[in-house]
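S.K.: Sequence order for the protein chains is A and B. So that you can map any letter, position 264 of the first sequence is 263 in numbering that gives the first Met the number 0, and since no number is skipped, the others follow by simple counting. So that you can map any letter, position 165 of the second sequence is 164 in numbering that gives the first Met the number 0, and since no number is skipped, the others follow by simple counting.
Derived from the structure by calculation, the hints contain no laboratory data. Warning: the hint list may mix true and false statements.
For chains that are exact copies, the list does not tell them apart, and a pair is met inside one copy or across any two.
[As the list claims (entries may be wrong)] No farther apart than 20 Å at their CA atoms in a straight line, the calculated lysine to aspartate or glutamate pairs in the DMTMM-like style are these:
1. K403 to E351
2. K31 to D109
3. K85 to D125
4. K355 to D112
5. K50 to E367
6. K88 to E243
7. K88 to D52
8. K81 to D339
Please read these numbers as outputs of a predicted model, since none were measured by experiment.
Here's the letter readout for the chains.
There are 2 protein chains.
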Amino acid sequence: MKLEGKVLVAQGGGPTAVINQSLVGAVLESRKFPQVTKVYGAVHGVAGIIKEDFLDLTQETTHNLEQVALTPSSALFSTRDKPDEKYCKEIFNVLKAHDIRYFFYIGGNDSVDTVRIVNENARLSDYEFRAIHIPKTIDNDLVINDHTPGYGSAAKFVAQAFTGINLDVRALPGVYIGVVMGRHAGFLTAASSIAQKYPDDGPHLIYLPERPFNIEKYLEDVKRIYEKYGRCVIAVSEGICDEEGNPIVTKLLNNVEKDEFGNVQLSGTGALGDLLANYIKKNLGIKRVRTDTFGYLQRSFFGCVSDVDQHEAREVGEKAAQFAIWHNLDGSITIHRTGDYSVDYQLTNLEEVAGKTKHMPDEFINSEGNNVTEAFRHYVLPLLGSGLQQAHRLRAPKVPKLLKKE
Amino acid sequence: MKLEGKVLVAQGGGPTAVINQSLVGAVLESRKFPQVTKVYGAVHGVAGIIKEDFLDLTQETTHNLEQVALTPSSALFSTRDKPDEKYCKEIFNVLKAHDIRYFFYIGGNDSVDTVRIVNENARLSDYEFRAIHIPKTIDNDLVINDHTPGYGSAAKFVAQAFTGINLDVRALPGVYIGVVMGRHAGFLTAASSIAQKYPDDGPHLIYLPERPFNIEKYLEDVKRIYEKYGRCVIAVSEGICDEEGNPIVTKLLNNVEKDEFGNVQLSGTGALGDLLANYIKKNLGIKRVRTDTFGYLQRSFFGCVSDVDQHEAREVGEKAAQFAIWHNLDGSITIHRTGDYSVDYQLTNLEEVAGKTKHMPDEFINSEGNNVTEAFRHYVLPLLGSGLQQAHRLRAPKVPKLLKKE
Numbered sequence: 000m001k002l003e004g005k006v007l008v009a010q011g012g013g014p015t016a017v018i019n020q021s022l023v024g025a026v027l028e029s030r031k032f033p034q035v036t037k038v039y040g041a042v043h044g045v046a047g048i049i050k051e052d053f054l055d056l057t058q059e060t061t062h063n064l065e066q067v068a069l070t071p072s073s074a075l076f077s078t079r080d081k082p083d084e085k086y087c088k089e090i091f092n093v094l095k096a097h098d099i100r101y102f103f104y105i106g107g108n109d110s111v112d113t114v115r116i117v118n119e120n121a122r123l124s125d126y127e128f129r130a131i132h133i134p135k136t137i138d139n140d141l142v143i144n145d146h147t148p149g150y151g152s153a154a155k156f157v158a159q160a161f162t163g164i165n166l167d168v169r170a171l172p173g174v175y176i177g178v179v180m181g182r183h184a185g186f187l188t189a190a191s192s193i194a195q196k197y198p199d200d201g202p203h204l205i206y207l208p209e210r211p212f213n214i215e216k217y218l219e220d221v222k223r224i225y226e227k228y229g230r231c232v233i234a235v236s237e238g239i240c241d242e243e244g245n246p247i248v249t250k251l252l253n254n255v256e257k258d259e260f261g262n263v264q265l266s267g268t269g270a271l272g273d274l275l276a277n278y279i280k281k282n283l284g285i286k287r288v289r290t291d292t293f294g295y296l297q298r299s300f301f302g303c304v305s306d307v308d309q310h311e312a313r314e315v316g317e318k319a320a321q322f323a324i325w326h327n328l329d330g331s332i333t334i335h336r337t338g339d340y341s342v343d344y345q346l347t348n349l350e351e352v353a354g355k356t357k358h359m360p361d362e363f364i365n366s367e368g369n370n371v372t373e374a375f376r377h378y379v380l381p382l383l384g385s386g387l388q389q390a391h392r393l394r395a396p397k398v399p400k401l402l403k404k405e
Numbered sequence: 000m001k002l003e004g005k006v007l008v009a010q011g012g013g014p015t016a017v018i019n020q021s022l023v024g025a026v027l028e029s030r031k032f033p034q035v036t037k038v039y040g041a042v043h044g045v046a047g048i049i050k051e052d053f054l055d056l057t058q059e060t061t062h063n064l065e066q067v068a069l070t071p072s073s074a075l076f077s078t079r080d081k082p083d084e085k086y087c088k089e090i091f092n093v094l095k096a097h098d099i100r101y102f103f104y105i106g107g108n109d110s111v112d113t114v115r116i117v118n119e120n121a122r123l124s125d126y127e128f129r130a131i132h133i134p135k136t137i138d139n140d141l142v143i144n145d146h147t148p149g150y151g152s153a154a155k156f157v158a159q160a161f162t163g164i165n166l167d168v169r170a171l172p173g174v175y176i177g178v179v180m181g182r183h184a185g186f187l188t189a190a191s192s193i194a195q196k197y198p199d200d201g202p203h204l205i206y207l208p209e210r211p212f213n214i215e216k217y218l219e220d221v222k223r224i225y226e227k228y229g230r231c232v233i234a235v236s237e238g239i240c241d242e243e244g245n246p247i248v249t250k251l252l253n254n255v256e257k258d259e260f261g262n263v264q265l266s267g268t269g270a271l272g273d274l275l276a277n278y279i280k281k282n283l284g285i286k287r288v289r290t291d292t293f294g295y296l297q298r299s300f301f302g303c304v305s306d307v308d309q310h311e312a313r314e315v316g317e318k319a320a321q322f323a324i325w326h327n328l329d330g331s332i333t334i335h336r337t338g339d340y341s342v343d344y345q346l347t348n349l350e351e352v353a354g355k356t357k358h359m360p361d362e363f364i365n366s367e368g369n370n371v372t373e374a375f376r377h378y379v380l381p382l383l384g385s386g387l388q389q390a391h392r393l394r395a396p397k398v399p400k401l402l403k404k405e
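Could you build all of it, start to finish, from the sequences and the hints given here?
M.R.: In structure tokens, the structure reads:
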């Protein structure tokens, strides 16, 4: 029995470089089914649903949709709203009023819970309704999934940034600290390891939220590397915490505040990098210490997209439409690695994915907790897609000195 | 009369994405001349010359050189040394000892002066010697030149970053401030204007070192844009100064210090962005204000290179070898625009280029001093090369509301 009615697609949370592939995959696939009367898009995610702020995507040309698919950042706009039971009830009322029978929500783990509660509302009201969560997050922190759409492209950006930084710091030696997004999971920061091509290549140290960050150990690490190579490149997750789970940015600011800074606000995005840099300068006496906070560049940069990520983001959108409209099923689309490299998509119960955070497994982190393992590099490499550029070095022999003794 | 002897190539100052194209152009072209006995490369620029730290690039394979050409950041490493007369005398002594008859120095305007003084030393010693400066700088601030190698690729990075940021801030509205490199010239920051595709696209405000920055005017500008579009994307040069020529980062820190911060150090790279953001938060009460400092990402990012920039960087290296070895001339290679778009290379007297800084001409800046003109966009676009990606939007009609009145 075919369920006739409208489809609604929405996007939530932080944008990614490929989130519109999932949107376009869901829209184009939905438009193929005769029982689908219209395909709507909610503007600004769940916030737009409450306001009945819908676009009629049935009237978009296929060609423009294909162009939008290649454009980073949520074309339907996004929201940071995290609906509670009452909010979800309102969502359901709007969906029902518009005869929406299929709801596809592209988002992270908060979005899964929204899909679950709205679906529960429909069930209790005996309203025939299918709801599917389509995964996306640059943090790569959705459970069950081998990885999530959006991560591969952000990881490619981080990898290519550190490949360049590594060469830059070889040319003009010093200490460099790059602060990468990731409050609870270190996958994105860990992708910096792809820059490690030659044995002395950085990042020489990688600090992740999965391991407690000890400021004295950090100092020792940097000192050792700097003495060995005359330079040190460091990748650090914005979310690193101490043994008690307090974010380092807070802790250091408190220390420094008492020491010399005064009432510094926590709001500055460059704060963690600057503090880690100042700590090195003050304690190791190294003059050239530089820091960058990658910030928003890493999630929407135009022109650094993984084709594997594009492809998978498209397919999770298409699969959502297929599972819901063809098979009459609810759930969350999950990505499973089936080969080296191949994936398959499954439908997982929403409860299994909702509200949980995946962390870097132990086998991906070295025993010292200051770098990643070969296992991680093997895991991440295929996700970056084709065309990853390689750094090359001069290998010419040295010329004997004439004026000075060697 | 052919001048027989060795060639020495060196790289100075900040790395660029295409600086190795110039290196490889000079090396491969030099190797074609029978009067060239060897081609050396100085490690770490002029500092390496003093130490006689040379690589014998005659022994590099052409294939590896081609791979190095595609790799960003100075393959011979760089230096921040700015040689004085005494330093240049030492350089000359080393060059003479090694029978180096041709010297090619790839660098910014400081490097021109080094080439000039070393050449003067040779002339005074009646040592037959040719010295050529090969231009490079992401700042695009060399006089005589229409533009300089390295700028196009950095500009492409900035353009693509702001294209993504613009989409990101549309999806999750607020105020965004991106701080771009450029202490005295605003060319790199101005390249953000390429993101302005649709009439409401950012960056809505572009602040350059060529115009005094007034903090109250800035506040008014942001308020006006934010009220009009519900968001505001800002590109700002790190080198913006007040009416008296004092860098804003110093001035604001002083203000804020007296006000609430205490003894904040100037060293933090995120300082300017954070201060401009805090000023908006405090005075306009806008909650979501984000800032990124593009930092080192913009000059060595791997995978965002302009093919026009690559091509020209290669040719200025080749032309240096041709002017010196074929024509027995000294000078600085300069790039001249001859069509829309085509260029020609000339040899300019070192004195005309040395130590001078090119600024954005008035016709490239709008009358309010807070954006660029169409003339600038026309100037910069061809330098970004082919394959610049375009953002696309959904154009679907709105769906009438059923539950709520419009």
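S.K.: Now tell me if each hint is right for this structure.
M.R.: We went through each hint and held it up to the structure:
1. K403 to E351: neither (70 Å within a copy, 36 Å between copies)
2. K31 to D109: neither (29 Å within a copy, 64 Å between copies)
3. K85 to D125: Within one copy, since 18 Å is at most 20 Å while 89 Å is not.
4. K355 to D112: within (10 Å within a copy, 61 Å between copies)
5. K50 to E367: Neither: 51 Å inside a copy, 38 Å across copies.
6. K88 to E243: neither (38 Å within a copy, 59 Å between copies)
7. K88 to D52: For K88 and D52, the Cα distance is within 20 Å only inside one copy (17 Å; across copies 73 Å).
8. K81 to D339: neither (37 Å within a copy, 52 Å between copies)
Hints 1, 2, 5, 6 and 8 from the earlier list are contradicted by this structure; the remaining hints agree with it.
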